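Go by the hints and put chain V onto chain C.
Chains C and V supply the protein sequences, listed in that same order.
According to this note's numbering, the first sequence is numbered sequentially starting from 1.
According to this note's numbering, the second sequence is numbered sequentially starting from 1001.
FYI, nobody ran anything at the bench for these hints, they're computed from the structure.
All of these numbers come straight from a predicted model, not from anything done at the bench.
Relax, there's no trap hidden among the hints.
Facing chain V, according to a computed beta carbon distance under 7 Å, are these residues of chain C, among others:
1. Ser-90
2. Ala-93
3. Leu-97
4. Ala-146
5. Val-149
6. Val-150
7. Gln-152
8. Ser-153
9. Gln-155
10. Leu-157
11. Gly-159
Where a beta carbon is used, it is the ideal one built from N, C-alpha and C, also for glycine.
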Amino acid sequence: MNAQVSLMAGEAMPPELHDLLNSADGAAFEKALDALVREREQRVFRALGLLARDLHDAVRRLGGDLAQEGVPGSVADARKHLEDVLEMSSQAAHRSLDFVERMRPQADALAENASAVIDGTSEGEVAHVLAKQSQSFANACRDGLADFVVAQSWQDLSGQRIKKVVNFIGSVENSLLELVSLTGALASGEAAAGPVKVTSQDEADRLLSEFGF
Amino acid sequence: MKILVVDDFSTMRRIVRNLLVELGFSNGLIQEADDGENALTMLRNNAFDMVVTDWNMPNMTGIDLLRAIRAEPSLKGLPVLMVTAENNRDQIIAAAQAGVNGYIVKPFTAATLQEKLSKIFERLAASGATA
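If we strip away everything but chain V, and leave its shape as in the complex, we get:
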């Protein structure tokens, strides 16, 4: 499974990468981008299976990246997990309305990440089965 981790803080990208590896995802298939703009370019040029993105980033924020993904026919079905320090109600609602697949508030634990990821895959599998 190819995963794109998007965050302007290199520390956070590495933390998410570490946790994903800990959960059994292949380190070699995880790639990183430092803002939404670069992420979008990478997503257009390579096939990814999932995006884990921060909200607050320069150039293009996580919510704008999410909207851009949903607006692009070739990317719109991509699962997007938001991992962010933004925990106010309006922002969570905005993310939900934009079609986020999961929302994790920092700081989080490996267990939370695992739980949200399995939920995303369960839902995807369910929608895939009915489609």
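With the rest of the complex left out, here is chain C:
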């Protein structure tokens, strides 16, 4: 930052103003005051102009960096990585659900067969005891599989958060690109240099002129 502003806040009163304050010439006093105010305004405008140029240079450098180092590319990569995570977690959850769908009919069949054996045997028989154990095991499996299915909803809940982050990255990326294209630094996808610089300077000047510089 090279803007230097001094608004005479701490300075002593200029001698000519001091003299005028004590004189009876009202018109000369007003004229001197106007000149003083105008000079102050011009200092403020110059300082603002320097600030605006610094800001413009900083944004232009950012544009150059983005174009050279491909930061938008790595932002897109970050988004892609998250989308990959989303896809992988979805596949993993589906594989778990495949497992449940494979096991459930087996648990159903075991429960059914056990029930038939229980009906066809009398208490005390080894087959009867075993069939009862099988039946309770099959029922426990069915309950466990249902819980297993519900547990896969982690993929949906975490996936929704990942989607939000992906959207957020996209909006940051857009804002960044908008900021850069505002300066024209990314005019042809190249680093700001040569003719691009002229364009951006023109744009900067045009922008500055809108603020009265």
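For chain V alone, coordinates are given in the frame of chain C:
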């Protein structure tokens, strides 16, 4: 009973389908849509008995789907169960005002799904009897 399961996550559609089958609904009669827009098209073209929908979806959200269903004469009586991670008060109130039949906050259990479904059917049966 023909049920339409609406969710943009295929995992969640499959989970809901699994639980519905577990509760005794016929797997062959359950269909899926990945957003409100597609769901609405399916509902217009086929007779369904119930909709189970997520809230957060691209193109058309669950709440907009619910409002669209209530606004359409041929669909307005369709029971809609919302299954969503959205658990803030305003959203639940918005769903209630839009005429939702049940609201389940994710993650949920098979028992919760069963409880909400039976409540929906009880209420429908009661309103059917008095109508």
